[in-house]
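Novice: One-letter residues, chain by chain:
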Amino acid sequence: MADAKIGAYVCKGCGLGDRLDTQALTAIATREGKAVFAKEHDVLCSAAGVEMIRKDIEAGEIDRVVLAACSRRSKTEAFNFDTVAVSRCNLREGVIWVQADTADARAATQEMADDYVRMSCAEVKQMIPPRGNEQAERNRHLLVVGGGMSGLTAAVEASRAGYPATIVEKSGALGGWAARLWRRVPARQPYADPQDTGVAELIAEVEADPNITVYLNATTTRTTGAPGRFAADITTESGKTVTENFGAIVQASGFTPYDATRLPEFGVGKSPDVMDQLGLETLAREANGSPIKRPSDGREVRSVLFIQCAGQRSNKPGHLPYCSGHCCNTSIKQAMYFKDRNPNVDATVLYTDLRTPGNGEDFYRSGQRKGVIFTKGVASVVQPANGALKVKFQDLILNQEVSIDVDLVVLATGMVANSGVDAEAAAKQEAWKDEGAGTDGAQNAKPEAPRSQEVSILNLDYRQGPDVPQLMHGFQDSHFICFPYETRRTGIYTTGPVRRPMDIAQALEDATGAALKAIQALENAAQGRAAHPRSGDLSFPSFHRDGCTQCKRCTVECPFGAIDEDERRYPQFNEARCRRCGTCMGACPVRVIYFENYSIDTVGQQIKAVEMPDETQEKPRILVLACENDAYPALDMAAMQRIHYSAYARVIPVRCLGSVNSIWVTDALNGGYDGVMLMGCQKGDNYQCHFVKGSELAHYRMSKVYDTLEQLQLEKDRVETHEVAITDIQRAPQLIEAMAETVKRVGLSPFKF
Amino acid sequence: MSDLNTVMVEKYRNDFLKEVEANVEEGKWVKMCMQCGVCSGSCPLGPFWEHPPQEVFMMIRAGKRDEILKSESMWMCTSCYNCIVRCPRELPITHIMHGLAHYAERLGLAPKQNPTRKFALMFWDNLAKAGRVNEPILGIKLYFMNGFKQGIQTALKMAPVGLGMLRTKRFNVLALLFHKGCKGKQDIHKILRKAREIELAKAAKFGG
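So the sequences go chain by chain: P and C.
Taking our numbering, the leading residue of the first sequence gets 271, the next gets one more, and so forth.
Taking our numbering, the leading residue of the second sequence gets 785, the next gets one more, and so forth.
In case anyone wonders, no lab produced these hints; they're calculated from the structure.
Beta carbons: idealized from backbone N, C-alpha and C, even for Gly.
Hints may contain errors.
Incomplete in silico selection of chain P near chain C, CB under 10 Å [what the hints assert, rightly or not]:
#1 Val512
#2 Asn614
#3 Thr618
#4 Val642
#5 Gln664
#6 Leu666
Bound-form chain P, shown alone (with noise of 0.2 Å):
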């Protein structure tokens, strides 16, 4: 990068001019690092500061800016200058904050800042200006896959919101399970009494909408591109296909109900008083508000019995391990039904726990005021006796075994998410055993949940499957608390009961947050800017195709599915669909991947740019390789806390640990650094990663980083991979501590010359 012109930009601000020789650091930036110029001034992100950096922006004197002042998680309205490359040098958080105000400390802290002078420039000079993304499209036009409750909620909603909707419905008419309820749990004030479903009136506004056109009988059969320019097939039973053009797919596939055939026990089949709570629903909508009559022989119910966690909440193998939220309000509601018309009639809900989310617990109050009655146990076994169906269960509070007879049986058999293809379930059950070997033989098979069905829903033309990948049993998310709505792939989003299980007023809820995540999507495209998490990046990845090996384990790694191949089997990426973490560029043997503002060089060329003292000084150097989403936050807050770690600490941020090349921490170990440390957030079943595998892949990687540690001969000692979340803020510096005694009692490295 012979052209980069390098402006460096030194605050005196916030005591880092009483701290730091600051005239040294502008010496450090001209002479060492290149810049074209070096200034101080007195507060930065003031209006004169800001301004003078933007008219020597403006003058085209410098394309590459450095900002040494505060860390680049302050003063980002200021510091906004998206026409060059930016390397923000972390002086106040990341050295004065952290390191005693002594005398004695002083030489180190000084010795700190000036490398870190040195690592921006030599960031900056790696760096491309961005120029954005030349794929960006625009397109407003939203496809909604499923005609439900959620799918006509999102479509609503984004006509509303002026964004044109269509809907792709595979049965013959909208409204899906909703439709055929009698009524509601109620959703508003006082949550007493069942309530209209409302699926109606939802159904009419869709209908009269001009902004939503609706497909009955069809199917998306093939979906391509990225957003802001996905195409898809929609096929209609007839054979008919047309292909439309969408910015942002909204995915409201909904669920199926649990197989109760699977219950044998409960009584299933064997008589035709024995339901599910959909089949208890029919039977109200037949009775039309008159008394509910038995399937078997007509007569008036007098007596029924719930059963809560029928096939849920279970580890039997074929049960559903998880609770389907909805069905404790569902059976009270149901209950009702029959107190409602006739408080005469027994109607006892067989529970373990009750759950009642949302404002459930008033509408259970409700059912207790109107006289259901509510009984702790298990139940084991229902068999047709005498016209009359024999229940038994274990009553929890009294510790005893019961046997009641009742005219009508209703379990709540929960659902499971309509999601289509698993790609990745091959994988999943390889990992579960693995985990489970050696240590109890019956725990190898993990209990699946029954699949609902085998058959894609977006049959998406991806390299990497036909649908969302899928997170927990089957259901499609990225992380339920931290990222809710976001999915596996950019610019698709899933909504209501696919998602995760839920009821009615949770999925309006839903259906109304991912619409708008879906808009945001769309948009963000069309400025070709990255989605969440990294919201407004411009740079995308490019790869060079000389080096390439055509090893595909970007196309593997890749946690979003946004890379595919071309027709020479060389990786070709969606930009649109990118996330923007650099997993790719960690993945890459060869190292060809790279990003305008992140690189191998960029980050490499910091590495090497430390000054690194000889083994006679006694100065041990640590890398710190820290995730920007968790750890370097975590770090940042430590110094607001005045919390201080090692001055031989050198930090340095990463989209991800999945983005970290293990070319970066041999270079390090090469180059004479004592300690190499990795932060990333945590990993696993539960994990937190907000690229969901960067930091499993890192700890991976790592894992075979010791194998060059053992032929340098090294301590395995000094390459470490953390968890480290963002509250970690007394344990990150703890760490770093940790690794600085580690440096000292295995000695320094040999390899510094």
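With the hints as your guide, set chain C onto chain P.
Specialist: Relative to chain P, chain C alone:
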């Protein structure tokens, strides 16, 4: 089995909960119990109950009529009110326990030898007679509740306390012979008679 009980059994063969709701003071609250068990955990006498309150409520719902009404459990309540204070559903648990005990007594099912029951009856007789409690007589009756020999033993054991009360004029021996009673004793009797009449009428209504 008393007549009243026979009638009640006929009426509520299938649903003890409804019977409790209709006849037991505060009985309408029983169905609101959500079986969290905080009452049983809070009760200072909980470990000594045959059935702690949570279980009592569950048994009522399960239709265990005889077991509950003949139980000593609700007679164990000392009215400390800890359960009421802690119940998240704000059930008047103490009152329900007394209501259940009273109902069992009315039906003639209460355990005859239960000391709380015996004392309660003794106290009521004493109070209702004069409209005011006659302490020396109540005390003596209490001592001799379980037989003559034990009465003498208890009396001897308590003698120093009695003498102390006598000295400090907290105890009027003359009341053994001349108990004054309250003003308008006759009116009290009238009120009690009327209350009894109403109660029987109510029971008859449910019985019929």
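Novice: Against each hint, give a clear statement of whether it holds in the structure.
Specialist: Right, here's what the structure says about each hint:
1. Val512: Not OK, violated: Val512 of chain P not within 10 Å of chain C, min 55 Å.
2. Asn614: holds (9 Å)
3. Thr618: Cβ of Thr618 of chain P sits 9 Å from chain C, so the hint holds.
4. Val642: holds (8 Å)
5. Gln664: violated (13 Å)
6. Leu666: At about 9 Å, which falls below the 10 Å cut-off, the nearest Cβ of chain C leaves the hint on Leu666 of chain P intact, so it holds.
The structure is inconsistent with the numbered hints 1 and 5, although it conforms to all the rest.
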